[in-house]
Structure formats: structure tokens, C-alpha cells
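**Q** Protein sequence lines, in the order shown, are assigned to chains A and B. Using the numbering used here, the first residue of the first sequence is number 1, and each one after it goes up by one. Using the numbering used here, the first residue of the second sequence is number 1, and each one after it goes up by one.
Treat the hints as calculated values from the structure; they're not laboratory data. It is possible that some hints are incorrect.
For chains that are exact copies, the list does not tell them apart, and a pair is met inside one copy or across any two.
[To be verified] Listed next, the in silico SDA-like pairs over lysine to any residue satisfying Cα-Cα at most 20 Å (straight line):
| id | residue 1 | residue 2 |
| --- | --- | --- |
| 1 | LYS211 | LEU69 |
| 2 | LYS174 | ASP203 |
| 3 | LYS42 | SER128 |
| 4 | LYS211 | ARG176 |
| 5 | LYS211 | SER28 |
| 6 | LYS206 | GLY52 |
| 7 | LYS110 | ALA90 |
| 8 | LYS109 | ILE199 |
| 9 | LYS186 | ARG50 |
| 10 | LYS42 | PHE228 |
| 11 | LYS109 | ALA90 |
| 12 | LYS174 | GLN138 |
| 13 | LYS109 | LEU91 |
Each chain, letter by letter, is given below.
Number of protein chains: 2
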Amino acid sequence: MERLTIVKVGGKVVEKPELLQRLLADFSRISGNKLLVHGGGKSATAMAERLGIETKMINGRRITDEAMLEVVIMVYAGLVNKKVVAGLQALNCNAIGLTGADMDLIRAKKRPVVDIDYGFAGDIIDVSTRELESIIDQGVVPVIAPLTHDGNGLMLNTNADTIASELAIALSRKYRVQLIFCFEKKGVLADPEDDHSVIRELDYQKFQEYKETGVITEGMIPKLDNGFSAMRNGVESVVISNPEALGGDLKHGTRLMF
Amino acid sequence: MERLTIVKVGGKVVEKPELLQRLLADFSRISGNKLLVHGGGKSATAMAERLGIETKMINGRRITDEAMLEVVIMVYAGLVNKKVVAGLQALNCNAIGLTGADMDLIRAKKRPVVDIDYGFAGDIIDVSTRELESIIDQGVVPVIAPLTHDGNGLMLNTNADTIASELAIALSRKYRVQLIFCFEKKGVLADPEDDHSVIRELDYQKFQEYKETGVITEGMIPKLDNGFSAMRNGVESVVISNPEALGGDLKHGTRLMF
């Protein structure tokens with residue numbers, strides 16, 4: 001089995017031009033098959049503001065009404081995705097930008113309203129990677145925006161961590177997949193105030209303990225849930241780290257243990 | 001050689017929801033390999049207005065300053081492209097949305113300033129269809145937004161008729177290409193006031209005569225220049241028509257003659 005490195009980059013990393021350039025340079029130097037999943041929430045919020053559209057968040061998740069859906073489609077599939085693709089092309093990395101609608105890659109259903117109406121938020125129901133694998137095998141590097149579709153013509157806003165994890169799982173049938181969640185910190189921190197307190201290895205039991213004792217808190221919990229889900233479903237390795245890890249030997253991040 | 005039908009749809013057709021639905025239904029029924037190139041100028045103008053950005057046109061061409069470049073990237077690669085892709089998926093047509101940056105498909109250079117500074121407008125210098133052909137041969141249907149890149153990380157706004165014509169030429173090395181320019185009229189009209197005065201067949205000499213006598217005027221001239229360029233460079237047939245032609249036998253349009 002060939003190796004495939006999947007990198008998910010969060011908003012704070014991808015949306016500052018100087019950090020983005022550094023990230024793309026490091027990412028383009030990863031050897032072998034690779035795939036990038038990006039966010040773009042901050043740019044979407046900024047564009048919404050310019051259009052006079054209010055951004056509503058509940059539990060760190062965006063409420064995607066019809067006006068906001070237009071904004072995230074424009075910003076994620078347009079602005080951010082094409083900036084990344086053109087930037088990688090300039091580094092001789094033959095990228096292709098995709099959403100979940102392209103080649104019917106990721107189908108989702110509109111999240112049912114229970115207590116909260118998240119609007120046009122999509123929960124993934126199917127990942128079809130046949131055509132994507134053929135693209136990867138030609139040496140092309142997919143760059144995935146956090147959007148899916150419902151199969152009936154509707155685009156849906158979908159969490160980028162979840163997309164990265166679900167793609168990693170689906171592609172692990174064909175590749176030895178290494179999944180790296182890149183964000184602005186060096187890894188999962190034992191002390192949020194101390195950037196040097198990176199937890200080197202984290203197993204599921206310790207994750208549960210850290211949740212109970214409040215060491216690992218809100219934003220990190222869904223990311224780790226996605227990471228452990230990937231580990232349980234065939235992904236070879238999952239690392240949480242800042243982008244510096246891409247250039248080197250990943251010694252700076254938190255490695256999830258089965 | 002297998003056949004490939006390339007359809008270019010203009011702004012007026014793709015931007016009204018009810019016309020778009022009809023177009024996508026007709027397009028999805030075309031048998032064999034197919035590819036769609038779309039515009040989106042009206043949506044870009046509307047979005048620019050919402051953002052307080054003034055739209056400047058000279059000779060029917062958009063002046064693309066930095067603010068307008070962001071708008072066309074968002075609208076063409078985001079809003080319009082993903083609406084078309086998700087709409088085709090809903091019709092069981094396995095579409096993939098692309099710009100010229102994706103897979104390094106179309107490189108352009110920023111148009112040099114002679115009398116007019118068109119800003120970030122791209123003139124095509126290279127079309128590389130190797131990976132695109134592999135996608136088409138898998139039965140996937142490319143949907144191309146009118147954007148190119150310069151190879152140095154910059155996206156450029158590029159005329160959709162020219163993209164359709166250049167793609168048709170490049171792909172005619174591998175396929176028998178039929179190129180259809182769809183717009184709101186039934187074809188090239190001998191009398192602009194009479195929708196029934198469609199010129200059935202048009203050769204280059206008659207085109208020159210019609211230009212001199214003012215029968216064929218401004219907007220149609222670059223479209224026909226692109227069409228005749230395609231005919232001279234290996235494209236099997238070029239038709240100018242309204243979308244009704246897609247559903248039937250093309251008897252309603254204007255066919256270019258070599």
C-alpha cells in the first residue's frame with residue numbers, strides 16, 4: 001500500500017498571508033501522495049460582515065442560514081480554495097480544488113433540528129473516493145473546501161475536521177493514511193497557558209480523563225473525537241500539531257495512540 | 001476518436017434559476033463525453049454592488065482591479081460553479097468544477113497595458129489537458145469557471161468564450177469536438193430585431209461581409225472570432241444557438257462553415 005498524507009489546516013493558519021505561504025511551502029515538500037483540507041471560517045465571517053450579514057455561532061459552530069450559505073460557498077470554494085490551489089501551483093505542486101459536490105465526493109444530509117437549528121449544515125452520510133483515488137494516483141494533489149452536497153442540488157456547510165477524518169477513513173482502504181490536524185498550537189497542551197506543555201502521546205482513556213478534569217476543553221474535543229474515530233477505522237496515524245511539523249519529523253505534535 | 005461536446009453558456013442563461021434548471025436538464029441528457037464552460041458576469045456585477053465595488057466595463061470587457069478580482073473568484077469559482085455542479089449531480093451527471101488553476105489546466109499572462117488597463121485579466125498562453133482527459137475518460141463531466149492562473153500564484157479573470165474555444169482546440173487532439181456557444185438568441189441573426197432571422201450557415205468570408213455591413217455587431221464578433229479559430233484548429237463543428245439546441249438536433253442554431 002502506498003502512503004497518503006492528509007493535512008487539515010485550520011482558519012488561523014490558512015488565512016494570514018505570511019502563515020499561508022509558509023504552510024504551502026512546507027506542505028508542498030511532503031513526499032508522496034498528499035491531500036489538503038482547509039477551513040476558512042474567519043474569512044467567511046469577515047465577508048459576511050462586509051455584506052451586512054450577521055454571523056451567529058452556537059457551541060463554536062456556525063449557524064448557516066441561506067444568506068450565510070452563499071457566503072461560505074463563495075469564500076470556501078472560491079476565495080480560500082483558489083488562493084491555496086494557485087499558491088501550490090506556483091510551488092510546482094499540481095493541486096486541484098474540490099468540494100464534496102465535485103465528483104459526488106461527499107454527500108451529506110441537512111442536520112436535523114433538535115434543540116438548535118444549524119441551518120444548512122451538513123452531516124456526512126457517504127464518501128465516494130473512486131475518482132479521487134484516480135486523481136491522486138496521477139500525482140495530482142486534492143485541496144478540499146469544507147462543503148458537501150445533499151444529492152438534490154443543495155450545497156451544505158460541513159466541519160473541515162470531520163471532512164478530513166472521513167476522507168482519511170475512506171482512503172485508508174487503498175492507502176496507508178497519515179492524518180495531520182494543523183492548528184496554531186504545537187499540539188494538545190496539558191496546560192493551555194504553557195505552549196511547551198505538549199502531550200506527546202494521547203490514548204483514548206487518557207483523553208477521557210483529560211476531558212473530565214478539564215485539561216482538554218471545548219474546541220479540541222471534536223477534533224480529538226474525529227482523530228480517534230479515524231484511528232479506530234483504519235487510519236495509520238493521527239497527529240495534532242502546528243504547521244512546523246510538516247517540514248520535519250513530526251516530533252513537535254501530539255500523536256494519538258490506539 | 002470519441003466525441004466530446006463542449007457547451008459554453010453565457011451569463012443570461014446560467015444566472016436565472018428557471019433557465020439554469022432547464023439548461024442543466026438539457027445538458028445532462030447529451031450523450032457521450034461532455035464539458036460545460038460557464039460565465040457569471042451578471043452575478044459578479046450584482047455581488048460587487050452589494051460590496052460597494054463599482055463595475056467598470058470597456059468594450060464589453062470587465063476592468064478587474066484587485067477588489068473585483070476577489071469578487072469574480074468568489075462568484076465564478078464559488079457561487080456559480082458550485083450551483084451548476086450540485087445541480088448536475090442532482091441530475092445524476094457526475095460533474096467536477098474546475099478553474100484554469102486546477103491541475104494547471106490553463107495558464108495565462110496578465111494582459112499588458114496598451115491603451116486600456118484591464119487589470120487582472122488573463123490572456124491564455126498554455127492549455128494542459130492530460131489530467132482533464134483522464135477525468136473525462138472516467139465519465140466525469142468538467143464544469144469550467146472563467147478563471148485562469150499565471151503560474152506564480154495569481155488568479156486571472158478570463159473570457160469564457162475564449163476558454164471554451166481554447167479548450168476545444170486542445171481537446172481536439174484526442175476527441176472529435178463539437179463546440180456549442182449557448183446564449184439567449186436562437187443563433188446569429190441577419191436582423192437583430194427579428195428572432196426568426198437566424199443565419200443557418202456562416203463561413204468566414206460571409207462573416208467578414210456581415211461585419212462590414214454592420215449585420216453582425218459588437219458582442220457577437222469576439223464569439224465568432226473564437227468560433228472560427230476553433231474551426232481552423234481541429235474542432236469538428238461549432239454552433240451558436242440558444243439552449244434549446246442541446247435537447248434536440250441543433251437545427252435551430254448557426255453552424256460555422258470551414
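**Q** Please flag the earlier hints that this structure goes against, numbers listed from lowest up.
**A** 1, 2, 3, 4, 5, 6, 8, 9 and 10
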